[in-house]
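Participant: As a plain string of letters, each chain reads:
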Amino acid sequence: DARVTQTPRDKVTEMGQEVTMRCQPILGHNTVFWYRQTMMQGLELLAYFRNRAPLDDSGMPKDRFSAEMPDATLATLKIQPSEPRDSAVYFCASGLVGPGVGGYTFGSGTRLTVV
Amino acid sequence: DQQVKQNSPSLSVQEGRISILNCDYTNSMFDYFLWYKKYPAEGPTFLISISSIKDKNEDGRFTVFLNKSAKHLSLHIVPSQPGDSAVYFCAARGFNTNAGKSTFGDGTTLTVKP
Numbered sequence: 001d002a003r004v005t006q007t008p009r010d011k012v013t014e015m016g017q018e019v020t021m022r023c024q025p026i027l028g029h030n031t032v033f034w035y036r037q038t039m040m041q042g043l044e045l046l047a048y049f050r051n052r053a054p055l056d057d058s059g060m061p062k063d064r065f066s067a068e069m070p071d072a073t074l075a076t077l078k079i080q081p082s083e084p085r086d087s088a089v090y091f092c093a094s095g096l097v098g099p100g101v102g103g104y105t106f107g108s109g110t111r112l113t114v115v
Numbered sequence: 001d002q003q004v005k006q007n008s009p010s011l012s013v014q015e016g017r018i019s020i021l022n023c024d025y026t027n028s029m030f031d032y033f034l035w036y037k038k039y040p041a042e043g044p045t046f047l048i049s050i051s052s053i054k055d056k057n058e059d060g061r062f063t064v065f066l067n068k069s070a071k072h073l074s075l076h077i078v079p080s081q082p083g084d085s086a087v088y089f090c091a092a093r094g095f096n097t098n099a100g101k102s103t104f105g106d107g108t109t110l111t112v113k114p
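Heads up: the protein sequence lines correspond to chains X and G, in order. In terms of our numbering, the first sequence opens at residue 1 and continues consecutively. In terms of our numbering, the second sequence opens at residue 1 and continues consecutively.
Simulated from the structure, these hints should not be mistaken for lab results. Quick reminder that beta carbons are idealized off the backbone N, C-alpha and C, glycines included. The reader is advised that the hints may include incorrect statements.
To be verified - Only pairs whose alpha carbons sit at most 25 Å apart, straight line, appear in this in silico SDA-like list of lysine to any residue: (1) G/K101 with X/P70; (2) G/K71 with G/S51; (3) G/K71 with X/L45; (4) G/K68 with G/I20; (5) G/K101 with X/V114; (6) G/K101 with X/G103.
What the hints assert, rightly or not - Here are some, though not all, of the chain G residues that point toward chain X, as calculated from beta-carbon distances under 7 Å: (7) L34; (8) E42; (9) G43; (10) P44; (11) F46; (12) S49; (13) G100; (14) F104; (15) G105; (16) D106; (17) G107.
Claimed, not checked - Cβ pair distances, simulated, as ranges: (18) G/A41 with X/L96: 25 to 33 Å; (19) X/G102 with G/H72: 18 to 26 Å; (20) G/T26 with X/R85: 23 to 31 Å.
Isolated chain X (complex conformation) (with noise of 0.2 Å):
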């Protein structure tokens, strides 16, 4: 079965250092989103990317975090400089998006812990 992996699979870190998270999709898809799953909140949407282009980084905060694109095999999330309130499981989602093509498939996550 194709899968979408995310590295690393726990980041600990303390307050203030830069984090880079990264994610390889499924070959063939257009659509990469990031999603960050927090104990207070459901799936919330960050950024996405469709044919590698940036479509939507509504969701996170700009003057922290960035995402990109460099290639069709990585989509990174960066965090610098990381906040304790930046604690949360960070999915990476992939998808082919049309009528009727059904959902995306998500990686297994980051972990992340900053101290």
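For chain X, the structure is supplied; the task is to place chain G on it using the hints.
Facilitator: Positioned in the frame of chain X, the structure of chain G alone reads:
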């Protein structure tokens, strides 16, 4: 403003009985609805979907019902099995606006007791 709401944080049912999970939405531009299932320490997995041109979609033990006038959908699992115990997320998106961008509810934790 939460556009997709799952008002029941948890649900407990007996094995073999029906599980009914509910979801309400407010954005009338949504025209495609999905359910995902999530186990601990894993990402959500797509379960079943329904287009707004239908009011029912069935896949094995899982059936999703859509009531557009009430802006309400539900997921029925019959019969429920212990392996169905997970968090279920309702999601919605529109094809014509922000196409592909899904908005998720907060999830309902289903526990199926043997």
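Participant: Against this structure, judge whether each hint is valid.
Facilitator: Now for the hints, and whether the structure bears them out:
The suggested pairing of G/K101 with X/P70 holds, with an alpha-carbon distance near 21 Å, which does not exceed 25 Å. Between G/K71 and G/S51 the CA atoms are separated by roughly 13 Å; this keeps the pair inside 25 Å, and the hint holds. Only pairs whose Cα atoms come within 25 Å are accepted, and G/K71 paired with X/L45 is accepted, the gap being roughly 22 Å. Annotation: proposed proximity of G/K68 to G/I20 holds, straight-line Cα distance about 18 Å (limit 25 Å).
A distance of roughly 28 Å separates the Cα atoms of G/K101 and X/V114; the hinted pair therefore is violated under the 25 Å criterion. Restraint check for G/K101 and X/G103: the C-alpha separation of about 11 Å stays at or below 25 Å, so the hint holds. The closest approach between the C-beta of G/L34 and any C-beta of chain X is roughly 5 Å, which is under the 7 Å cut-off, so the hint is satisfied. With a cut of 7 Å, the hint placing G/E42 at the interface with chain X holds, because the nearest CB-to-CB distance is about 6 Å.
The interface hint given for G/G43 is met, as the beta carbon of that residue sits about 3 Å from the closest beta carbon of chain X, less than 7 Å. Taking 7 Å as the C-beta cut-off, the interface hint given for G/P44 holds, the closest approach to chain X being about 5 Å. Because the beta carbon of G/F46 sits about 3 Å from the nearest beta carbon in chain X, less than 7 Å, this interface hint is met. Annotation: interface hint on G/S49 holds; nearest CB of chain X at approximately 6 Å, less than 7 Å.
Because the closest C-beta pair between G/G100 and chain X is about 4 Å apart, less than 7 Å, the hint holds. At about 4 Å, the closest approach between the beta carbon of G/F104 and any beta carbon in chain X falls short of 7 Å, and the interface hint on this residue holds. Annotation: G/G105 was flagged as interfacial toward chain X, and the flag holds, the nearest CB pair being 6 Å apart, inside 7 Å. This hint holds: G/D106 has a C-beta 4 Å from the nearest C-beta of chain X, less than the 7 Å allowed.
Interface restraint check: G/G107 against chain X, minimum CB-CB distance 5 Å, threshold 7 Å, status holds. Between G/A41 and X/L96 the CB atoms are about 26 Å apart, so this pair conforms to the stated range of 25 to 33 Å. Distance hint check: the CB atoms of X/G102 and G/H72 are about 21 Å apart, consistent with the given range 18 to 26 Å. G/T26 and X/R85 have their C-beta atoms about 27 Å apart, which keeps the hinted 23 to 31 Å range intact.
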